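Asker: Fit chain B to the given chain A structure using the hints.
Protein chains in written order, with this note's numbering: chain A, 3 to 316; chain B, 3 to 316.
All clues stand as given, with none of them false.
Which copy is meant is left open, so a pair is good if it fits within one copy or across any two.
No farther apart than 27 Å at their CA atoms in a straight line, the calculated lysine-lysine pairs in the BS3-like style are these:
#1 191 to 305
#2 191 to 300
#3 300 to 147
#4 300 to 169
No lab work stands behind these hints: they were computed from the structure. Since this is a predicted model, take the numbers as computed values, not measurements.
There are 2 protein chains.
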Amino acid sequence: MKSAVYLKPGQVGLVEIDRPQIEDPQDAIIRIVRTCVCGSDLWRYRDDQMESGTRNSGHEAIGIVEEVGAAITTVQPGDFVIAPFTHGCGECDACRAGFDGTCDRHIGNNWSGGVQAECIRFHFANWALVKIPGQPSDYSEGMLKSLLSLADVMPTGYHAARVADVKPGDKVVVIGDGAVGQCAVIAAKMRGASQIVMMSRHADRQVLAREFGATAVVAERGETGIAKVRELLGGGADAALECVGTEASIDQALGVLHNGGRIGFVGVPHYANHALGSTFAQNITIGGGAASVTTYNKQVLLKGTSKNSYLLSP
Amino acid sequence: MKSAVYLKPGQVGLVEIDRPQIEDPQDAIIRIVRTCVCGSDLWRYRDDQMESGTRNSGHEAIGIVEEVGAAITTVQPGDFVIAPFTHGCGECDACRAGFDGTCDRHIGNNWSGGVQAECIRFHFANWALVKIPGQPSDYSEGMLKSLLSLADVMPTGYHAARVADVKPGDKVVVIGDGAVGQCAVIAAKMRGASQIVMMSRHADRQVLAREFGATAVVAERGETGIAKVRELLGGGADAALECVGTEASIDQALGVLHNGGRIGFVGVPHYANHALGSTFAQNITIGGGAASVTTYNKQVLLKGTSKNSYLLSP
Numbered sequence: 003m004k005s006a007v008y009l010k011p012g013q014v015g016l017v018e019i020d021r022p023q024i025e026d027p028q029d030a031i032i033r034i035v036r037t038c039v040c041g042s043d044l045w046r047y048r049d050d051q052m053e054s055g056t057r058n059s060g061h062e063a064i065g066i067v068e069e070v071g072a073a074i075t076t077v078q079p080g081d082f083v084i085a086p087f088t089h090g091c092g093e094c095d096a097c098r099a100g101f102d103g104t105c106d107r108h109i110g111n112n113w114s115g116g117v118q119a120e121c122i123r124f125h126f127a128n129w130a131l132v133k134i135p136g137q138p139s140d141y142s143e144g145m146l147k148s149l150l151s152l153a154d155v156m157p158t159g160y161h162a163a164r165v166a167d168v169k170p171g172d173k174v175v176v177i178g179d180g181a182v183g184q185c186a187v188i189a190a191k192m193r194g195a196s197q198i199v200m201m202s203r204h205a206d207r208q209v210l211a212r213e214f215g216a217t218a219v220v221a222e223r224g225e226t227g228i229a230k231v232r233e234l235l236g237g238g239a240d241a242a243l244e245c246v247g248t249e250a251s252i253d254q255a256l257g258v259l260h261n262g263g264r265i266g267f268v269g270v271p272h273y274a275n276h277a278l279g280s281t282f283a284q285n286i287t288i289g290g291g292a293a294s295v296t297t298y299n300k301q302v303l304l305k306g307t308s309k310n311s312y313l314l315s316p
Numbered sequence: 003m004k005s006a007v008y009l010k011p012g013q014v015g016l017v018e019i020d021r022p023q024i025e026d027p028q029d030a031i032i033r034i035v036r037t038c039v040c041g042s043d044l045w046r047y048r049d050d051q052m053e054s055g056t057r058n059s060g061h062e063a064i065g066i067v068e069e070v071g072a073a074i075t076t077v078q079p080g081d082f083v084i085a086p087f088t089h090g091c092g093e094c095d096a097c098r099a100g101f102d103g104t105c106d107r108h109i110g111n112n113w114s115g116g117v118q119a120e121c122i123r124f125h126f127a128n129w130a131l132v133k134i135p136g137q138p139s140d141y142s143e144g145m146l147k148s149l150l151s152l153a154d155v156m157p158t159g160y161h162a163a164r165v166a167d168v169k170p171g172d173k174v175v176v177i178g179d180g181a182v183g184q185c186a187v188i189a190a191k192m193r194g195a196s197q198i199v200m201m202s203r204h205a206d207r208q209v210l211a212r213e214f215g216a217t218a219v220v221a222e223r224g225e226t227g228i229a230k231v232r233e234l235l236g237g238g239a240d241a242a243l244e245c246v247g248t249e250a251s252i253d254q255a256l257g258v259l260h261n262g263g264r265i266g267f268v269g270v271p272h273y274a275n276h277a278l279g280s281t282f283a284q285n286i287t288i289g290g291g292a293a294s295v296t297t298y299n300k301q302v303l304l305k306g307t308s309k310n311s312y313l314l315s316p
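Next comes chain A alone, as it looks inside the complex (with noise of 0.2 Å):
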């Protein structure tokens, strides 16, 4: 079959190579209908040390499920599926915690990447995948690209969304105009929030913003964008979806929420942050600092204190 493969840094070809086959009873082979580039393969694309011939780092594909492994009961050949990159077990704690894609069962490279290509081999095929209902041909090009969007981009841009807790009536500020910052938005939207700025210096991205549902723009950067945003909302927002991956972008998150905000940050880390690098590559997410006294007595803590019981009767 063929295959995308790196030819030499910034060039990539195709060649003939083994159609894969099933490798264990979790597994699917799975027939691409349509694939794409992620921002994330350019990192390969560019590098330098990359052999010639590696296998193309494509994780993102819908398509038709040829062949199953014994152990799968949850699809059939002939199903069209969404092929998710994070391909969780959905049996562990991770998974059944709803973060599949930090699955505790992920063992170095097992994930299904190499998608740009005519087939794949799709492990945890029994719960990953992602059925779609009816054929490709029930489809318009739009839709089928809409569907793609599922494998890999929209759910990032939710997992932004769904970390940061983002409620409805809640203002939130996105950072980075990309296609996760975009589908960002999206998510934000769904989830309610009622207002929506997009960090952007783009036009023609800021026009997709707004149609997606961004209330405002805000082209500046730094502090003169802080100010801005603030002065939008009135102060600070609630939750920023920092959809980047540098300390400049954390920093712009951390500058536009009030006391007590939330960061849902998508973007793959790309700065020394010993801390930070380690709670995204375990999805942990980690809160702290004064405590909220007053709240806590008022709604929790001394209610229902009478003269004769308190929670830590002496």
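Answerer: Only chain B this time, still in chain A's reference frame:
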């Protein structure tokens, strides 16, 4: 009136100082009924650079309102109150989001320090003070001490559990067996944790933790401690409550969690880490990592998709 002051590094004494006066309509004057020493007071106590006569750094108290400013309507002279160290305004974005410990109106040191004295001036008294039913004479000495714990240490332990979003059924690990760690155990139990592991090497504190709700104790640290916790829980924890403030304790927290777990950290960071220092100062919660593609597609994004409609219509 009498007030504790730092006489020299390692020595505290009582001196006569002026009784505080109402300076702002939002002030109240409070006569202290009980106060105590916080672990953080020891930093000042041990500070070689500390000038003789420096005001005490006490910030935990219960007392009786003696006098109120013109804007105060919620308490009156004679009321028995908790004087939270956080003194939030109750009106800013941070307070409204339940983060009065980092009220957006805090300006430098406008908090009510110096409470190891006969009286204090307390700002933002209208919202921040918490009324206690009855009068001090209605309570036993043990109950007064329990009520005093609501000025800082108990809400601080609760904050760790709240920002880590401890939920019913969660497996929780508490790192730090001091007063805050013990309160974090109580908080985890209040929020319905099914298992609470206290990491402690002190026999007396282990007993206390079990009394407060810890279901297991692990004395080992580092990799051995992490392995022991994982063995006890049959996997990683859902939440880790970090009540120490060192890089080692953050690493311990990262080590005991399953991917997608949550850290609440209330140990004031004593380490050089740009991002975590900033998030702590602002009480920001930050999360991120690879998206949960299968989860989001099944639960939200592909839900209700038919051949003719889809959230991103082409």
